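Participant: Position chain B relative to chain A; hints supplied.
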Amino acid sequence: MSTRQPILRAEDLHVWFDLPGDSELHAVQGVSFELRPGERMGLVGESGCGKTTTILALMGLLPASASVAGRVHLEGEDILAKGEESVSPHRWKDIAMVFQGAMNAFNPVKTIGSQIAEPMELHGTATGRAARAQVRELLELVGISGERAERYPHEFSGGMRQRAAIALALACEPHVLLADEPTTALDVMVQAQILELLVRLTRDLGLAMILVTHDLPVVAQVCDRAAVMYAGEIVEMGQMTTIYHDPRHPYTRMLFAATPDLLGDEDVLSIPGAPPRLDHEIVGCPFTPRCDSAFAPCPTAHPRRLEVAPGHEALCHLNDHLVAERPA
Amino acid sequence: MQRSDYILKRTLFALLTVFVAITLNFVLFRALPGDAVTGLKCHNCTIQFKNALRKDLGLDKSKWQQYVIYLKDLAHGDMGTTFISHRPVRGELWDPIKKTVAMIGLGTVFSIVFGIFTGVISAWRRGTVLDKVSVWTGLAFYSVPTQWLGLMIVYFVADRIGLPHGGIQSPDYGILGNPGTLDFLKDRIEHMILPALTLGLVLYGDYTLIVRSAMLETLGEDYVLTARAKGMSNWAIVWKHGFRNAMLPVVTLIALSLGFILGGAITIEYVFDYPGIGLAIVDAIDKRDYAFLQGAFLALTLSVILFNFIADLLYFKLDPRVTT
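If you read the sequences in order, they're chains A and B.
Numbered per our numbering, the first sequence spans residues 736 to 1063.
Numbered per our numbering, the second sequence spans residues 291 to 614.
Calculated directly from the structure, the hints in this document are not laboratory data.
Take these hints with a grain of salt, some might be off.
[As the list claims (entries may be wrong)] Computed list of chain A residues with no C-beta within reach of chain B, every gap over 12 Å:
hint : residue
1    : E819
2    : G863
3    : E882
4    : L903
5    : Q956
6    : R1025
[Unchecked claim] Incomplete in silico selection of chain B near chain A, CB under 10 Å:
hint : residue
7    : G395
8    : Y513
9    : L538
This one's a predicted model, so the numbers in the text were calculated from it and none came from an experiment.
Positions of the beta carbon are idealized from the N, C-alpha and C atoms, including for glycine.
Just chain A, same shape as in the assembly (with noise of 0.2 Å):
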């Protein structure tokens, strides 16, 4: 693992949405991650566990009913201690988000050309004839031919306006890209073009990538860490092979478990319950009620967040045991 500094670093980050009737929703409570340069790391996680939320305020592109407290530094700049002042010279030029471009991502009223160049014209990468010129560039480097720059939405297929969405990522050349389930809603073929095709960008042209997804596999395939969500909060991160082979909370355990192997030979199971609602305080660990492993602390006392070897955290009482061989 590289040495550099840190690109990206969240650093205790809460979302918090206004519901109706007073009441709060407390999505994300405290993430705190670095990515390095050309790094790319999973974000994984069920429904709701506030993945997209965590990605949508790196870039504070969350709605007005969202209230955000930390700071996410980027390229050693706390991007959102001026709220949209400091952050939206930032958008798009140092760190791109690829939607899901299944959805509707693009404008179905303007040419995907248009709109790849938008961007350019926004930031004043390029303008006019150069923005076409580099628009093309980038459709043919995800694969698209260049012509068809001049299409609309409606006229491409899912797998090529997700390819397309990658392009408009790429637009104004960041370094950081935010990919939020970009293989989502697309079959296992075009899945993996899709993939490969972000792990060949990223590494070309030194980008550091965090991917969202709530499907491990994707994960394991393309990100070199992985970052596991639960109930807001980060509850295991490390090197992906680490949390592979010796996963050290039960919820990346049981999500390993519930994939199914390609040689069919172990039972695929599935985590029963669902995951708490976070619209109040939840007392001790909120994964307590799906755990096959609780004990006597879990139902009470929030677990601690400890790094159980160099470069992997977990935040689960069955690893406490270590601070007692190594008090603090």
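Facilitator: What follows is chain B alone, placed relative to chain A:
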């Protein structure tokens, strides 16, 4: 299906509708009990005279023959002769239609411009005082009966701002010498403003609410979030990504409502005594002017078809997805 086929298809469809409308216009009038002569207000007419009149009008021929004659005459632009003034229906229709089109044109432009403007602002500033004021104003104008609003304007507004209560030209107009074209236009427009304002306000209420809801729906779309992520300013997003998409349903609704307005401005013309097509129709019903009514109904039907056709073309222009 090719996109260029769309225009051809829509045109053919409009023409077919015109044909059906013409036929219905013929059939409905013939389906009524009695005929053009029965309803004449003529107490001294003998049976012989009425029969002679029937023969003269061609009513003794079979319905099929009458239909063919009707179509043939229409093809030559001949809509018959009015019963009262004995002048060609076409000319008699054209004059009030011109006046109505000018008046509702003014009102419609007013309502579209302000309706879209406040609707967009209202959606953009959703939940603010500005939005609430705009929505309640829109609702109020949308809900009041047109003729009541017209009366209120006549009673409370006309004198204050020094505009005429009704009619289409000043009583003393032209008495002192021959006024120039500019004076003529000024006089006409002054008489047009209040009825146009009444129509404009009622339509405004309708349009601003539609534009607001269409805009709100559009601003919730994923591509709006994409645009924000690209670093676009709010106003640019509303204008470049929201507006055109929000206009899709709005264009159809506006065009459809315009088609009906030509005939629907009757109450306004009545309140302001504005001699447009609405008043002319009321007058013709009063006088049992069979030929004029038949022509007027055809004209109103054609206006609905025309605006539908315009809506189709605009939709085609605005939305690249439209192919059928």
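Participant: None of the hints should be skipped; say for each whether it holds.
Facilitator: Structure-based check of all given hints:
1. E819: Non-interface label on A/E819 violated, nearest chain B Cβ at 10 Å vs cutoff 12 Å.
2. G863: 17 Å, holds
3. E882: 17 Å, holds
4. L903: 8 Å, violated
5. Q956: Nearest chain B Cβ is 26 Å from A/Q956, so the label holds.
6. R1025: Non-interface label stands for A/R1025: nearest chain B Cβ at 32 Å, farther than 12 Å.
7. G395: Since the shortest Cβ distance to chain A is 28 Å, the answer is violated.
8. Y513: 4 Å, holds
9. L538: 8 Å, holds
Checked against the numbered hints listed earlier, the structure breaks hints 1, 4, 7; every other hint is satisfied.
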